[in-house]
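The listed protein sequences derive, respectively, from chains Z and P. Quick note on our numbering: the first sequence kicks off at 54 and runs consecutively. Quick note on our numbering: the second sequence kicks off at 183 and runs consecutively.
If you're looking for bench data, these hints aren't it; they were derived computationally from the structure. Misleading hints may appear alongside valid ones.
As the list claims (entries may be wrong) - So the derived label-pair ranges between C-beta atoms look like this: (1) P:Glu208 <-> Z:Ala223: 31 to 39 Å; (2) P:Thr202 <-> Z:Arg175: 34 to 42 Å; (3) P:Asp232 <-> Z:Thr228: 37 to 45 Å.
If you're wondering where the values come from, they're calculated on a predicted model, not measured in any experiment. Think of the CB as a built atom: it goes at the ideal place given N, C-alpha and C, for glycine as much as any other residue.
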Amino acid sequence: MNFAVLQFPASNCDQDAVHVLKDVLGHSAQLLWHKETSLGGADAVIVPGGFSYGDYLRTGAVARFSPVMQAVQQFAASGGPVLGICNGFQILCEAGLLPGALIRNRSLQFRCEHVYLKTMTRNSPFTNKIPDGKLLRVPIAHGEGCYFAEPDTIGKLKTNDQILFRYVNARGEPTEISNPNGSVENIAGVCNERRNVAGLMPHPERASEPLLGSADGRAVFESLVNWLEQRTKAKAA
Amino acid sequence: MKAKIIITPKKAVLDPQGKTVQNALEHMGYSGIHAVHVGKYLEVELSGADRETARKQMDEACHKFLSNPVIEDYKLEVE
Chain Z
54 MNFAVLQFPA
64 SNCDQDAVHV
74 LKDVLGHSAQ
84 LLWHKETSLG
94 GADAVIVPGG
104 FSYGDYLRTG
114 AVARFSPVMQ
124 AVQQFAASGG
134 PVLGICNGFQ
144 ILCEAGLLPG
154 ALIRNRSLQF
164 RCEHVYLKTM
174 TRNSPFTNKI
184 PDGKLLRVPI
194 AHGEGCYFAE
204 PDTIGKLKTN
214 DQILFRYVNA
224 RGEPTEISNP
234 NGSVENIAGV
244 CNERRNVAGL
254 MPHPERASEP
264 LLGSADGRAV
274 FESLVNWLEQ
284 RTKAKAA
Chain P
183 MKAKIIITPK
193 KAVLDPQGKT
203 VQNALEHMGY
213 SGIHAVHVGK
223 YLEVELSGAD
233 RETARKQMDE
243 ACHKFLSNPV
253 IEDYKLEVE
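All chains should be modelled from the sequences, with the hints used to inform the complete structure.
Written as structure tokens, this is what we have:
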């Protein structure tokens, strides 16, 4: 599969994403500078973490107007899968591709630690290969990861099964202590109604090899690869 | 011309900065403080003669880019 990994000024998880897709999973991945206007025939897009444009004004607010994001808008509108990680999640919310917004952590502190994630649905291109009931242990590293949306929007997310991940403790319970940033209902990741665009604050690309202390995040990328392969098979049939 | 824009967090949105400043003020002995909201202030210098056109333009920019309607309110003045 061909992956496009976007690169904005001050992206800093772009190389990690490329490493996982290429070296760990054996697929093709190319970096796309923010001034590009085409996605070069990519099968899927990763919007990586970092501090695009210095987080000026609001996180992701400037990046969403970059030329490459206009191509991503079209790609998403045609059903192409797009995954935003950390700053990528913030950019996709700002772009209106995902509901809600990410605001300053309730503690006002930058949180950098491993958390447990509970997968709320396997019905998405990004979660279908995550073993049923398995908690994912992956790192977070953000100052503005508190997910906020109006109660109406949260209601719709639940009705449509759009909440992908929640922060939980080691027993899988979504407690206040296990919520590292004050996100509404411990929400760590969501997808759009069509299910082809998703974002999460934790970093699965930093937890895709045992050497890094956890390989749990790998299942997110394996899900995406599996979904793309199934789509190719369905098209051929 | 100058556009003056004040952006504040919506009432329903958690404002930990405002809460922290409020706590500090109370701690310092200032009484009767019900709430503090921390926002931002922007000044945009504009050329052109028509104030109404400038106001419309900046209003659109506030809605599309300078504020995020999901979490923020804004007040705009052009002078």
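Going through the hints against the structure:
In this structure, glutamate 208 of chain P and alanine 223 of chain Z meet the distance hint of 31 to 39 Å, their C-beta atoms being roughly 37 Å apart. Checked against the hint of 34 to 42 Å, the pair threonine 202 of chain P and arginine 175 of chain Z passes, with Cβ atoms roughly 40 Å apart. Aspartate 232 of chain P and threonine 228 of chain Z have their C-beta atoms about 57 Å apart, which leaves the hinted 37 to 45 Å range violated.
When the structure is compared with the earlier hints, a violation turns up for hint 3 alone.
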